[in-house]
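If you read the sequences in order, they're chains A and B.
Each residue of the first sequence is one higher than the one before, counting from 888 in the numbering used here.
Each residue of the second sequence is one higher than the one before, counting from 181 in the numbering used here.
Hints are computed from structural coordinates only; laboratory data are not their basis.
One or more hints might be untrue.
To be verified - Quick list of simulated restraints, FRET-style, between CB atoms:
no., chain 1, residue 1, chain 2, residue 2, range
1, B, GLY401, A, VAL1033, 47 to 53 Å
2, A, ALA928, B, PRO488, 50 to 56 Å
3, A, PHE1055, B, GLY434, 24 to 30 Å
4, B, ASP285, A, LYS1112, 39 to 45 Å
5, A, HIS929, B, GLU503, 56 to 62 Å
6, A, PHE995, B, VAL214, 53 to 59 Å
7, A, VAL1033, B, PRO400, 25 to 31 Å
8, B, VAL411, A, GLN1001, 44 to 50 Å
9, B, VAL214, A, LYS1112, 43 to 49 Å
10, B, ALA500, A, GLN1017, 20 to 26 Å
11, B, SER253, A, THR1068, 18 to 24 Å
As the list claims (entries may be wrong) - Facing chain B, from chain A, some residues (calculated, C-beta under 8 Å):
no., residue
12, ALA925
13, LEU933
14, GLY954
15, ASN955
16, SER969
17, VAL1006
18, ALA1014
Stated by the list, open to error - Not everything, but these chain B residues come out facing chain A in the computed CB check (under 8 Å):
no., residue
19, GLY326
20, GLY369
21, THR382
22, LEU387
23, GLN388
24, VAL392
25, GLU463
26, PRO494
27, GLY496
Cβ atoms here follow ideal geometry from the backbone N, Cα and C, with glycine treated the same way.
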Amino acid sequence: MTSALGKGFGETRWLLSVFAAVLIAAWPDTAGAQEAPALRAHHFTLGGGAVWSGGYDIGERTAQLRGNAAGAEAPPFTLFTSDSRITPAASPELRVGFAVTRLVALEFGLTMSQPHVEVAIAGDAEAPRQLLSGEKLEQYLFGGNVTWQLPLEINKRLAPFASGGVAFLRQLHEDRTLAETGQIYHAGGGARYFLKGGYGTDRLFGLRGEARVNLRRNGIDFENKMRIYPTLSLSVFIGL
Amino acid sequence: MTRVGAATLAVVLTLGSSSPLAYLKLGAIVNGRVVDATWQQQPIGYFISEHPGNGVTPMDLLGAAERATATWSGVESARVRFAFQGMTAAPAEGIDGKTVLGFIDRPDLDRVLAATSFMIDTTTGEIAEADIFFNSRFAFSVAPNGQAERVDLESVVLHELGHLLGLGHSAIGETERSSGGNRRVVGSGSIMFPIAMTAGATADRVLQADDVAGISDLYPGPSTLDSGGIVGRVTKNGQGVMGAHVVAFNPETGILVGNFTLNAAGDFVIARLPAGPYILRAEPIDDAEPDSFFPSAIDTDFRVTYAPRMVVAPRGGSSAPIEIRVLPK
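Looking at chain A on its own, in the form it has when it is part of the complex (with noise of 0.2 Å):
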């Protein structure tokens, strides 16, 4: 198992660091001291694009048989391990946003993707070491989200901001046969890239990116613990 967290892990921080490339790339040279494009105060944005969520642990179970010793304790007897764990997965994502003020804005967003739940099983006496990772979840979130744009005035079509928020989390087991619910708590920061609009009335159009830790409470756990796992987001936005 150790193996296949290793690649699940690398995989995450090789994604982040080709998202910060593109961050990057997106701040021109010729940045300077100028006013910074933001959205249209008391105006609505819709928005559409991709997520990736990064896959994390759900908990390791040895599967024990009660032991045989004088007395009514003995050292239990193991017929394997298994440690679990959510896949990284991609998934499509619809937001509605609000600007409160030109620099603060209240999100709704919903996404839908498909982990898997993957098994490696160790430590059995009669079989290999293995991966099991044919389960598939549907898994939907639905949450809020606040963005505050920075105080940052780096180019006439860049607006980096900061967020955070909660969503409801709903994961159903493959062939719908169970659903578990729980929470996400997240912080994070991206940009919107304003091709057009960002400044007086005009319509916005732009691109948004955004990196986020998230905080998983309940859901598929085997453990019952708190799951951290990071998302990226692309996506196009339009103003209303």
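Knowing the structure of chain A, use the given hints to seat chain B on it.
Chain B alone, transformed into the frame defined by chain A:
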């Protein structure tokens, strides 16, 4: 009522190698169909034989029986009740209209600790009478913490009462061969494993998840509506495997519940599982004699194999069928 005595239908708890019939649930053939053999009248009345055992008295057996019946009756997801009817001079064998638990000296059964025999109504599958004998050839103990060199009587009573209720043997267990060729249990996931634990061990006074699932399947209580089942098939080279042991493991609760493929198509059902996802492991029966579970030949020529994915036992229903493809050894 047509009753056919099934005195030869006996399930035994052994100290090593051995014989008899049974699998997870005992069955009776009624009108060409196999139905579960169960008690339809409860409480189940029982007598204690006045014959003493080796190192224990009939009153010791009564005490062990009261504790063991309370353990089975305490399963919340099942409806099982017993009633002690009194002491009796009748032996714990034969057809006499009484269900008797007692000691009998059977030196010919030198590896059999105890056995349960039944009389079953062949028109309904109802168990009409059952007897449990404990072999006086063995030294038993009722000491609270067990006693070296003596077999814990309460553990054996609990196992045999499982048979009396209609449960067969469970195969959730691992054994090792001793130098003398006998098997020694190194671990078990059910008190219905056919081979007893070491003398002095008392851990099998407590039911395990597999036992609870089995008794809840035979005598479902109200809370079993929240349970679910897993169905599937074990195949080898495209053909069904008869007699494969399939164990469901819940990685959240740690429970293990098993059952067998019971036909040539390799179909299996694991019922009365707490709802949730399970890892499935199919194995050949190689930790006890196959005839401890099946009266006919079964396939043991395949490797331990896991289902390719976790399978969910849904609340109040069954999973979609899963196929576990095993390879020859």
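Violated hints - listed by number, lowest first
4, 7, 8, 11, 12, 13, 22, 24 and 27
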